[in-house]
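Colleague: So the sequence lines, in the order shown, correspond to chains F and Z. Note that the first sequence covers residues 1 to 239 in the UniProt record's numbering. Note that the second sequence covers residues 1 to 239 in the UniProt record's numbering.
Some clues are possibly wrong.
Stated by the list, open to error - Short derived list, chain F residues pointing at chain Z, Cβ under 10 Å:
| no. | residue |
| --- | --- |
| 1 | G23 |
| 2 | D81 |
| 3 | Q112 |
| 4 | Q116 |
| 5 | I206 |
| 6 | Y208 |
| 7 | I233 |
Please keep in mind that the hints were generated in silico from the structure rather than gathered at the bench. Built from N, CA and C at the ideal position, the CB exists for glycine as well.
There are 2 protein chains.
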Amino acid sequence: MYRYREIYSDIKRDILTNHYRAGTLLPTQEILTEKYAVSRLTLKKALNLLADEGLISSKQGSGTYVRPRMDNQTGELLPLDIPIGVTYSHRDQKISSQVLYFNARLPNAKEQQNLQIEASQPVYEIKRVRLVNDQKYSYEHTIMPVTIAPLDETILQGSVYDYLGTYAKIQLTDARRVVYAEGADQETASALDLAVGAPTFAIEQIAYDQKGRAFEYSVSRFTSERSKFVLDIHLNRLY
Amino acid sequence: MYRYREIYSDIKRDILTNHYRAGTLLPTQEILTEKYAVSRLTLKKALNLLADEGLISSKQGSGTYVRPRMDNQTGELLPLDIPIGVTYSHRDQKISSQVLYFNARLPNAKEQQNLQIEASQPVYEIKRVRLVNDQKYSYEHTIMPVTIAPLDETILQGSVYDYLGTYAKIQLTDARRVVYAEGADQETASALDLAVGAPTFAIEQIAYDQKGRAFEYSVSRFTSERSKFVLDIHLNRLY
DNA sequence: TAGTGGTCTAGACCACCTG
DNA sequence: AGGTGGTCTAGACCACTAC
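Produce the complete structure using the sequences and hints provided.
Modeller: Structure, rendered in structure tokens:
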């Protein structure tokens, strides 16, 4: 474990337990370096992590403020910037999948472009309904090059990302998401028990691994009543 | 200007012009420190900025890779993580506003909670239709404490954020956005010339200034055909 | 003017990957 | 075993804010 991560966790705990109160100044960097017996750079790395999360904000000449915290009533809200699959977002909930379609074919033009592959390179096509506590939750249409890893229906019941990580050493490190509202078409409506034209929330995602290869292109549609997403934005970081 | 920012810009240009080609290794950090005549820390700050943007990814022991770039066909797509108002997102486009409602009143319970204010502290209530190239684009319902800055209808024609920055020295540094799909209600439908029940994309936003004060709570609804949003996610950064 | 955070250096050691 | 990136130090100077 790294020293700056320890300090980060320590100060974070002190903020979250109101030992350092919102709106007040943190001790100066000099005092904190003495407290933790580290150099100023190491301390600043820890503070940068806290600033990334929006917990503090520093101002040259005046000091480092503890920011009031946003309400974390993230009960029903799903974080939009953590694309680790529905599985992780709903910890403590029962997750399952119905595989409606599973096959392989050649990619169309849009899929070739999004996955950076040739027309001759086959892809898996997967359609799944995801359920949370046995309630229909989202309808996913996924395209994945077959060269990434062999798939079968058993794997598709669980978390594909977990399987890719252990089997093919592929980690999702980057993703591009395009989000929009859309009226349900015939296929989506029947998969999610909605009326045709009912509003759905769509997330179109291209997932990239640690080497920058696109390994998945998917469109997920969510029922609008049950699904709101949250995104926290922090612009105060310079470096 | 800071040295690490110069180096960041320099290397970024070299990547974007394919001087450093995607998939290849960058020169070692030692060589780059010699090239720019800086310490390794300064160079690493520059590299961290590039990693933040997903342009490179470093691996201990092997080197720093130039990542293949995602397509930047951001023509119609609006970035979801830059909440600087529609004004900036649509540069080169003609932006205007129709103020449908403007008044002051006491806040309800939800507004008090979101803006962290007392029930006795009055707020402005604003309803605007935003137009891009004279086409109706979004319908915004905004709540703002009157103590932040005095507003009038003239200001509301333009960019409120610009006004707050110059007049009240308030900068938007953090925001929480909740996004979801919703069928248009009567009011939204008539404001945007939609049918009741037509799918809309909603962004509910709480904006915070540099001191962590909430200064705006708003709900913006977008017509679904014209509005898709993009969000690039990078998980490869440790610190 | 004093105090704060922001930047930068030169050098050291460690962890990890590839031959 | 050699080379790479990741961490950390001790100290210096600069930029900004407050009084």
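Colleague: Indicate, hint by hint, whether the structure satisfies it.
Modeller: We went through each hint and held it up to the structure:
Against a cut-off of 10 Å between C-beta atoms, the interface hint on G23 of chain F holds, since the closest Cβ of chain Z lies about 7 Å away. Interface hint status for D81 of chain F: upheld, as the beta-carbon distance to the closest one in chain Z is roughly 5 Å, under 10 Å. About 12 Å separates the beta-carbon of Q112 of chain F from the nearest beta-carbon of chain Z, more than 10 Å, and the hint is not met. For Q116 of chain F, the interface hint holds, the least distance from its beta-carbon to any beta-carbon of chain Z being 7 Å, beneath 10 Å.
For I206 of chain F, the interface hint holds, since its Cβ comes within 10 Å of a Cβ in chain Z; the closest pair sits about 7 Å apart. The criterion of a C-beta within 10 Å of any C-beta in chain Z is met by Y208 of chain F, whose closest approach is roughly 8 Å, and the hint holds. A least Cβ separation of about 5 Å between I233 of chain F and chain Z falls short of the 10 Å threshold, and the interface hint therefore holds.
Hint 3 alone, counting from the list given before, is not met by this structure.
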